[in-house]
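A.B. asks: Listed below, chain by chain, are the residues.
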Amino acid sequence: MEYMKPDEIVELFKKRLNKSTIIDSRIETKTAGLTKSSYNVIWLKINPEDLKNAVKLLSTIHFPHLAIISGNDMGEEIELIYHFSIYYGARFKEISIDLSIHLPKKDLRIPTITDLIPGAQVTEREMKEMMGITVEGLPELPNLFLPKDFAKDTHPFRRDEKGIYPLSKNGNYVGNNIIRKEEVKKIE
Amino acid sequence: MTSISLFEILVKIIGAIVIAFLGIVIGLFYKGIDRKLAARMQARVGPPIRQPFLDFFKLMIKENIVPENAVPWIFNGAPIMTLVSSITILLYLPVGNIPPILSGYGDIVLIIYLLTLPAIGMVVGGFASGSPYANIGAQREMVMMMSYELPLVTAVIALGWKLSQVYPQLNVFSLVAINANPIWGLVGPLGFIGAILLFITLAAVTPGELSKIPFDAPEAETELAGGILVEYSGRNLALFGLTDAVKTIVMTSLTVALFFPYGISHLLAFNGAFALIVDTLFFLVKIFLVMFFEVTFIRVAVARLKIDQVSFAYWIPVSIIGLLGLMLIVLDTIIV
Amino acid sequence: MSKETYSIPIGPVHPSLKEPVTFNFEIYGEHIENVNLAPGDNHRGIEFMGMQRNLIQIIYLAERICGICSASHPFAFCRAVENAAGIEIPERAQYIRVIIAELERIHSHILWAGVAAHELGFDSVLYLSWRAREEVLDLLEYLTGNRINYGIFMVGGVRRDISEEQIPRIRKTLGYYKDIYSKIEDIFLNDPTIALRTKNVGVLTKEDALNFCAVGPTARASGVKKDIRQDQPYSAYADLEVKAITPDVLTGVVNGDVYDRIIVRLLELVQSIQIIEQCLENMPAGEIIAEKKLVKLLNQLKKAKGEGIGRHEAPRGECIHYVKLNESEFPEVWKARAPTYNNLMSWVPMLLGQQIADIPIVIASIDPCIACMDRVTILNKDNGQKKVLTKKDLHELSVQKTRRITP
Amino acid sequence: MKLNKYFERSLWVFHLNTGSCNGCDIEIVAGLTPRYDLERFGIKLVGSPKHADVLLVTGPVTGRMTDRVKRIYEQTPNPKAVIAVGTCGTSGGVFYNSYNLAGSIDKVIPVDVYVLGCPVRPEAIINGVLQAWIKLEKLRESMNAAPAK
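Chains as they are written, first to last, in the working numbering: chain A, 1073 to 1260; chain B, 1193 to 1528; chain C, 366 to 772; chain D, 203 to 351.
Think of the hints as simulated: they come from the structure by calculation, not from any bench.
Cβ atoms here follow ideal geometry from the backbone N, Cα and C, with glycine treated the same way.
Careful: at least some of the hints might be erroneous.
To spell it out: a stretch of chain A is covered by chain C in this simulated footprint if at least three of its residues, at any positions, have a beta carbon under 8 Å from a beta carbon of chain C; those stretches are [as the list claims (entries may be wrong)]: (1) 1127 to 1135; (2) 1156 to 1162; (3) 1185 to 1192.
Here chain A is said to cover these stretches of chain C; the calculated rule only asks that three of the stretch's residues, wherever they fall, bring their Cβ under 8 Å from a Cβ of chain A [said to hold, decoys possible]: (4) 596 to 602; (5) 621 to 627; (6) 649 to 662; (7) 688 to 698.
Listing some non-contacts, in silico: residues in chain B with all C-beta distances to chain C over 10 Å [as the list claims (entries may be wrong)]: (8) Met-1337; (9) Phe-1484; (10) Leu-1497.
The shape of chain A in the complex, shown without the other chains (with noise of 0.2 Å):
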């Protein structure tokens, strides 16, 4: 099997996708234990709507191994990053690639990656449920963590109206029988 270097990777994602895709790039080399043998982790920032470009191009190197979605409220825009890995198998070989991309808060809509990779279904809907993102073309399932009378309209990541006290600055609280009134108001 080829192994590619992790800067021919980034070549490789510049040369295929769109100019203005690749926002930003980072490659990261770390050593560890006594010989400082190295491995390497790939940052990428990218445009959101080559999303599912960028993970079909992911494919084509070796197939991804998608270990989680992190979303960051950032204020004006949510950032999201799909923490990827690829070569594994062999010794020194796997490379993680982290892609990031940035939604606006007025259009929190991504595709979804499920039909290049199944199991990337828990971690969209637990994004759909935590901070409120659109994923279009997952099915319409119920709430995977969420109770099906969770407040609509509530995801508890978010730091803006629509968090949960004390991250959200509005007071507003969510599960009246955990957080008091009278605790939020000591706290403020």
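We have chain A; now place chains B, C and D onto it with these hints.
C.D. replies: Chains B, C and D only, in chain A's frame:
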């Protein structure tokens, strides 16, 4: 059996009460030994031998909860039915040299019928409790019942048939007759092997009849949370516990009566009441040994089988062994 | 005849599950027609809590994500923070971390073996294997001070050294496991009833394992050679020869059934013993932590900016933590992923078409850790139940009880 | 309802996890295994709350489990005792400041005995069950002293 005096009826009633009481006490005691031995084999200290008694007395004072969607009279009736039917069998079984209390009022075919009653009682109780786990448990119990019935009957019929060939004048299906004429003395070498095979068949049926590992699919704790018994609590659960203890005695005594009816009193030249006591004690030792090998040892040494594997095991290998045993005995008779 | 299925719920409280999780099965006869997973009974919102605490406090929170993986999560978390803040950890600390992590793997795999036997109704094996497990717990207690939740990991290194006097004790334990390993192997691989219950049960094909992103022994038993200790070695693993174990090492074929998962875990037991032995031989001298003073470390972390990933091969599979620091006391993002989260989806192909009796062993075969998986999710009061005691009822119950107890 | 003396030598235990981290749960199972062997005191782990005398509850109560804990408490036949196992169960432990936790177990159901530790040691669990006996014994004495209506 022409005329029964009032006195005889009285003796029978008192005898029945004594046997029922002793059956329960010895059953619980043996259950305690069983638990202790199993624990020792698993490198544990284990509960004290009186533990089943403590459990029983504790359960009797517990609250008895009847689930909302259960049928109360069946739900509460099932444990009583199982206990009564298993005690009834006890009355038909000989203890050492003492003939059964109800000898003459039924034979081994009746016992086989009665043996299904506790199982049916449990099935009815399971269906009546209205819980999905109990439902599945009851279904499995029915499947098991249908599976082990054939080998069980094979083993018994074979013995009876052999006896009828040797002593045509006897009431061959009476347990007293079988008890008085041990199978081992009646057969040639071929029949001896056959008898061993029949013993193996009965030994395989015993854990199934008692719902013990590896045939405890109806009560599988890790699958069905107690299966049939899941909704039972308090007094009803205590009665099921008693049934279990009595059934252990029933099955082991049946094995002893069919295959090991020997006493030791005549060897030691005892007679009278003393011989009676010695034989009864020897009988208890015998059923203990049978219980140890058929129940305790097996349940410690193997894993639980799935219900389809259970019914396969009973239908194919165990039935074949049973039929083979029957065939060998028949051959033995014909050749000799 | 029309096919009438009925449904049984398993969980959240069920004796085969030591933790709450809900499955809804549609059953036809004894066979499973459909599976609906409804996790979320064990959510504590740990990540949410973590984002309001400082990084040292989070280590102890991460430790309590799961009591069985109580070295794996702090390991992964500390690595994530070190990567984000650019902290180099001393070599000796890397070796100590690996020793603790591998000891945890031994304890976790033996624990799993016992639980699996219990699910099969083979309680004797549960008792005997858990007796063997006590030995490694004693060692962990000797080295770290606690049987579970060791509290030995710290950002920048470890909190306790392994001294020269302690090494013979470690070797003694390893010798003990070498002695009994053949017995364990004999019980699990040669016992006919265990083989009857596990062979061709809960099969996960290699394609499904890849597609559903399975990790750890679950994936390896299906033939996916994925092990971070091999693929992207970290800490002392970089100096050691670690190979991903697949069942064909022993049997020559990969079936992806429960039996194969048993083989993988048993072989990993041997592998862990070898790793610890190598670590003990090659352990370098030196410091065990980059920054000894907690206050200084906290200040350093407060000023740090950056993002980092920490990965660790936990006994159940890969743990991955993502931390983003933004010059503040609290992390901006803390995302923790436990192996069960990824193996969750692989339950569905494993369970379809199986029998009710297979449910416990198939569920147990991926060594689920619901506590790990559910940490991210958030719950609200569940009002959907019909039969609920109101607060008033409970209050009355409580008052009655108090009256009864106090004379 | 009358307690008899057999009660204290035959306690059947139902284990209930309400969002615990697993640490206490495996220690409860460890309590059954050869080194500690709870069964020698007549303590048995049962699979259905209907059979139980003592509920061993671990973990901070999560939102969804709150109702279930109540239901299981209701299903357990009287007389019964509840033991809160582990620091999380008694006070919440490290799990505070979260909106989906109902807090310690005693906020949901009445608790008789608290066993502390993170995780609790098996010895502590045995001791805790022993305390439950004493509690039940007191209950018996008080009932003997003042007969219930």
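A.B. asks: It remains to establish, for every hint, whether it holds in the given structure.
C.D. replies: Each hint tested on the structure:
no., hint, in the structure
1, 1127 to 1135, "violated (count 1)"
2, 1156 to 1162, "holds (count 5)"
3, 1185 to 1192, "holds (count 4)"
4, 596 to 602, "holds (count 7)"
5, 621 to 627, "violated (count 0)"
6, 649 to 662, "violated (count 1)"
7, 688 to 698, "holds (count 3)"
8, Met-1337, "holds (16 Å)"
9, Phe-1484, "holds (15 Å)"
10, Leu-1497, "violated (7 Å)"
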